[in-house]
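Put together the whole structure using the sequences plus the hints.
The listed protein sequences derive, respectively, from chains A and B.
Under our numbering, the first sequence has 180 at position 180, and the numbering climbs by one with no breaks.
Under our numbering, the second sequence has 154 at position 154, and the numbering climbs by one with no breaks.
Calculated from the structure, these hints are not laboratory results.
Every residue gets a Cβ at the ideal spot worked out from N, C-alpha and C, and that includes glycine.
One or more hints might be untrue.
[To be verified] What the simulated footprint calls covered on chain A by chain B, stretch by stretch (three residues with Cβ under 8 Å from a Cβ of chain B suffice, anywhere in the stretch; the number is not a length):
#, segment
1, 11 to 17
2, 39 to 52
3, 139 to 147
4, 327 to 337
5, 397 to 404
Each chain, written out:
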Amino acid sequence: MYRHIIKSKVYKFADLKDLLAKASPCRSGDELAGVCAATYEERVAAQITLADVPLKTFLNEVVIPYENDEVTRLIIDTHNVNAFGQISHLTVGDFCDWLLSDHTTTETLQNIAAGITPEMAAAVSKLMRNQDLIAVAKKCEVVTRFRNTIGLRGHFSTRLQPNHPTDEPKGVAASIIDGLLYGSGDAVIGINPATDSPAAVANLLRLIDNLRQQFDIPTQSCVLSHITTTLQLINEGAPVDLCFQSIAGTGRTNASFGIDLALLDEAYDATLSLNRGTVGNNVMYFETGQGSSLSANASFGVDQQTCEARAYAVARRYNPLLVNTVVGFIGPEYLYDGKQIIRAALEDHFCGKLLGLPMGVDVCYTNHAEADQDDMDNLLTLLGVAGCNFVMGIPGSDDIMLNYQSTSFHDALYLRKVLGLRPAPEFELWLMKQGIIDDKGNLLSVNPAHGLLAGGIT
Amino acid sequence: MKKVIKPADPLIALQEYTAARIAIGRAGTSIPLKQSLEFKLAHAHARDAVYSALAVEALTVRLKQFELPVLHLHSMAGYREQYLQRPDLGRKLSQESVTELAHGATPADIAVIIADGLSAIAINTNVIELLELLIPMLRFAGFTLADIVLVEQGRVAIGDEIASALRARLSLVLIGERPGLSSADSVGAYLTYNPKPGLTDELRNCVSNIRPQGLTYKQASKKIFYLVQEAFRRKLSGVALKDNAGSLHE
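And the structure:
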């Protein structure tokens, strides 16, 4: 039981789970779940109370019982006590000030990452303003490698997302070529397939792999099929670079996705064994998003942002190349408007980075959310300042397969221009060699005789 | 002012292969204004569709041709903003509507339930034409129909409660789908055999994207009719039915 008194009104919070939920900034998903604060005052009372909770408490009081949930077991069993040592004396509130302190550097944060549990990260994020989330995330640097180097300070990458409603190979190829000529695709060329049939997925994998080899592109490919499909394709010898899976922060949600840690272990080992990376061997690509556990009726009364942070415990077990929070895809019943989407994205990016993950964000919205391109411009710019590793690159922001709006090839170029950011170094060199950008990173006019136009679609 | 002739964008040829917004050019590195305004217009259509209202009176007049009573119901979601944030309320009938349905209904095979969903415009513009093809097919095959229901601020699952109260063996919910940038007026049809409150989506079959530029009324009515027949023949709906629906994609 936690309590706080404001002007003779006594606020009581049943347990840590309740306190975290009531301290969470307002969002529709927590209202839908009935776990959020009832008044503005109660929310701040919860935040004041949470600030006084020692970080050590999070190791003794779990939000979902250890016996019931394999994600809780993962969090507790893999907690690094040595890394925790440096912050073990702090309360959540002290931790907030400590994170912001000028003495806390990139290196300090890297050293303690394994000592921070997702719930600690979620808790401190709830006390932070947007600018705090940005300032601390910017201090984190998480670098990963496969055929290029992603996440270096001053660099900013994109997943080229060339989706097509029927997986038509030439349609997919056309979007890939368009994207490459706009400098997109250094994080991954990643397709959401319209069907999960192994044969169709294998066709798409071969399509990207052939193109990559033909033009010697230093990037990686991925078709975002279910992990069981990917496993089957690995066994059949398909050219799998990265293994994709959607993951969440409770075992029951993961079960609703048809996965558990054992299956993820198996797929991770299988993908590693292919040894296809050239400069590194980060082989996993995960997607997450606030609200998925409530949507699967598997949130155990835990607020959606804490559930999301718990998904990062799953992700970091597998040294992923990319973790993407698909923040605005889930719809207004979880994140109602631009304000909530922006806040959630900054929280996810901060929590992921703090826990040591290579975070990217799908800066996106659906047509029934109270959001538009201006909100996405704001969020994209904030994420650029915060040092986000990557965003999506979609022709004209319009995903004609998934029917939602994300960031365009142009959006990434805008961000690189206004913030002086550059693509992954290996990919940047390739863009120069291909005559797509000049040595200052400026986009050049497309040569009508460019090989990608002449020979890219076959 | 002298018109400047710009050289053609060499990427244009790629547009042949996909409806994606490729080869849209650039102003600096940004999206040119013309393209930006086109996008805004498409988004405006989608937004207007989300906030459009069911044309209850006009629809009621046109539904008279089917010579069935037409009921007007409302979900527990009082208004659109609440509907968007509380899907649970859109799945339940308001207390008044529950009372209205409480009078004893005669059992029927099929309850046709028309809901605004996320695009009332889709219903207002497409549902009568679809039913003009579908209802005669159903009747000719010997199916009996319950009262037609118009429900405001409704989600798919509200059909379970309604059809169950109407003592129908199958519910056919026609609902406005979430608008996309290229289509703000798509109707979705959801079939549920043996409907009762509390069912989940894997027990339904869906026929999606019904509109003149998508799945035409003729194609849609044939598909729905096929699924209705199969549902009654096999006494089920949902994933198990879909797996065997070989002609579904023809």
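Against the structure, the hints come out as follows:
Figure legend: the segment 11 to 17 of chain A, annotated as covered by chain B; annotation inconsistent (0 residues with Cβ-Cβ distances under 8 Å, at least 3 required). Counting residues of the segment 39 to 52 of chain A whose beta-carbon sits less than 8 Å from any beta-carbon of chain B gives 0, not enough to reach three: the coverage restraint is violated. With 0 residues bearing a CB less than 8 Å from a CB of chain B, the segment 139 to 147 of chain A misses the requirement of three and the coverage assertion fails. Residues of the segment 327 to 337 of chain A lying with their CB closer than 8 Å to a CB of chain B number 3, which satisfies the three-residue condition for coverage.
Here's how the segment 397 to 404 of chain A fares: 4 of its residues keep a CB closer than 8 Å to some CB of chain B, so the rule of at least three is met and the hint holds.
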